[in-house]
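Generate coordinates for the entire structure from the input sequences, incorporating the hints supplied.
There are 2 protein chains.
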Amino acid sequence: MESFSTELRRRKNVQEIKREIAWNTKELFAQKGYSATSMDDICSINNRSRGSIYYHFKSKEEIFLYLIKLNTQEWMDSWRKIEGKYKTATEKLYALADHYVDDLTNPLNHAINEFMTGQVVSQQILDEMLTLIEMPYTLYEQIIKEGIERGEFKPTNPESVKYVVIGLFNGLSTFYFTKELDELRRLYKDAVDLILQGIQK
Amino acid sequence: MESFSTELRRRKNVQEIKREIAWNTKELFAQKGYSATSMDDICSINNRSRGSIYYHFKSKEEIFLYLIKLNTQEWMDSWRKIEGKYKTATEKLYALADHYVDDLTNPLNHAINEFMTGQVVSQQILDEMLTLIEMPYTLYEQIIKEGIERGEFKPTNPESVKYVVIGLFNGLSTFYFTKELDELRRLYKDAVDLILQGIQK
DNA sequence: TTCATTAAACCGACTGTTCAGTCTATTATA
DNA sequence: TATAATAGACTGAACAGTCGGTTTAATGAA
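Chains as they are written, first to last, in the working numbering: chain A, 1 to 201; chain B, 1001 to 1201.
A hint or two may mislead.
As the list claims (entries may be wrong) - Per label pair, the in silico range of CB-to-CB distance: (1) A:E134 / B:K1145: 32 to 40 Å; (2) B:S1038 / A:D40: 45 to 53 Å; (3) A:K58 / B:S1038: 19 to 27 Å; (4) B:K1154 / A:S59: 25 to 33 Å; (5) B:D1102 / A:E159: 32 to 40 Å; (6) B:I1017 / A:S44: 37 to 45 Å; (7) B:D1041 / A:K145: 42 to 50 Å; (8) B:S1044 / A:S49: 49 to 57 Å.
It should be emphasised that the hints constitute simulated quantities derived from the structure, not laboratory data. Glycine included, C-beta positions come from ideal geometry on N, C-alpha and C.
Structural data, given as structure tokens:
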């Protein structure tokens, strides 16, 4: 019991270090993409040696996957925390756009895209990435279906609307490289305005 | 006069070879992105040696820039050829979406995005790329303004709508990696449906 | 028509750099 | 003291670009 407890407190928790490394590295992947982010970059931004990074992660790819998983889960978790504040699907769609923009300080979607097309990866990794990418899709789907059920939205094809909205949010993120964040936030709001004008009853 | 004409016909036109190499290489950049496309790949798909490629292009970067320029110009030229067939801004928007999808057999936008973020390039090259990227924006702008002037569209903010549509088309292209082309074409049409429902009078 | 010459076009081995990952030694901690 | 955690030099592979050599095609002269 006592020795077990000691074991758990042996050093700074390994999981914490892994998370710290991954979060620190997010900025690099977001700004440079996957392949242009070197291990030297990663060591530098984390203030750790090569050996130290490799003690915690088997490869660069593993850091990337770990980060994407972490980022996706946290993004969805934090959405879950705030979505209750909104009563209508309309409000939720605006809020989701805002939530999406919140992550645009360091967007990973471009790095994900590059990774999946440019790297030679196993089918297993590809499938895993695809699952991760599609996880947030359920949120969009829920909002749209809810809007239809509650009579806010026309009985449109929810599947199609879902992909349009996802594509739109994804596509607008490209302007991240040329526009200020508050400009972007406004643009996302305008985009949702537009979509809603089309689907609202 | 006679010698001048002979000079031009010395061998297969150099410009033709450059175009051929660039077009052959498009598929690689589209499928793999910029950095994951190696010079070996490029030699292979062109059935030419290293020396031969470097005789025509100074660098991999120059091939890429040349191709983007070529592709953008051809895309816009072919749009100019067909736009006269459409009478309304509404029709034009659908046609433009279709035209966009036509180029989705080998989309270069992802490679462009990767190149601009991941490669260390001069400010001059960056500016040049940005100009190229923004060239087609004028087409979108014209259609939207025309729609407003002709009374087809509400007097919305054309600037904002322009970016929304561009972002949308760009973002939907990500599904290129997971959906069939005809599915994609349908999705683009649905997207334009949605937008139009919002902006049509 | 043939041949010699010349320059364009092409070839592919080579080069130096970059890079992800390895591994031995060292340090830190319990 | 033993083990976890870290350091950083090293390694082999990959890569874009170089460069000396070869081939090709056009041209003009005989």
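To see whether the hints hold, each was checked on the structure:
Taken as a hint, the range 32 to 40 Å holds for the pair E134 of chain A and K1145 of chain B, whose Cβ atoms sit roughly 37 Å apart. In this structure the supplied range 45 to 53 Å is violated for S1038 of chain B paired with D40 of chain A, their Cβ-Cβ distance being about 22 Å. Distance hint check: the CB atoms of K58 of chain A and S1038 of chain B are about 25 Å apart, consistent with the given range 19 to 27 Å. A C-beta distance of roughly 53 Å is found between K1154 of chain B and S59 of chain A, which places it outside the suggested range of 25 to 33 Å.
Between D1102 of chain B and E159 of chain A, the C-beta spacing of about 24 Å breaks the proposed range 32 to 40 Å. The hint said 37 to 45 Å for the Cβ distance between I1017 of chain B and S44 of chain A, and at roughly 43 Å that hint holds. Between D1041 of chain B and K145 of chain A the Cβ separation comes to about 44 Å, which falls inside the hinted range of 42 to 50 Å. A hinted range of 49 to 57 Å for the beta carbons of S1044 of chain B and S49 of chain A is inconsistent with their spacing of about 39 Å.
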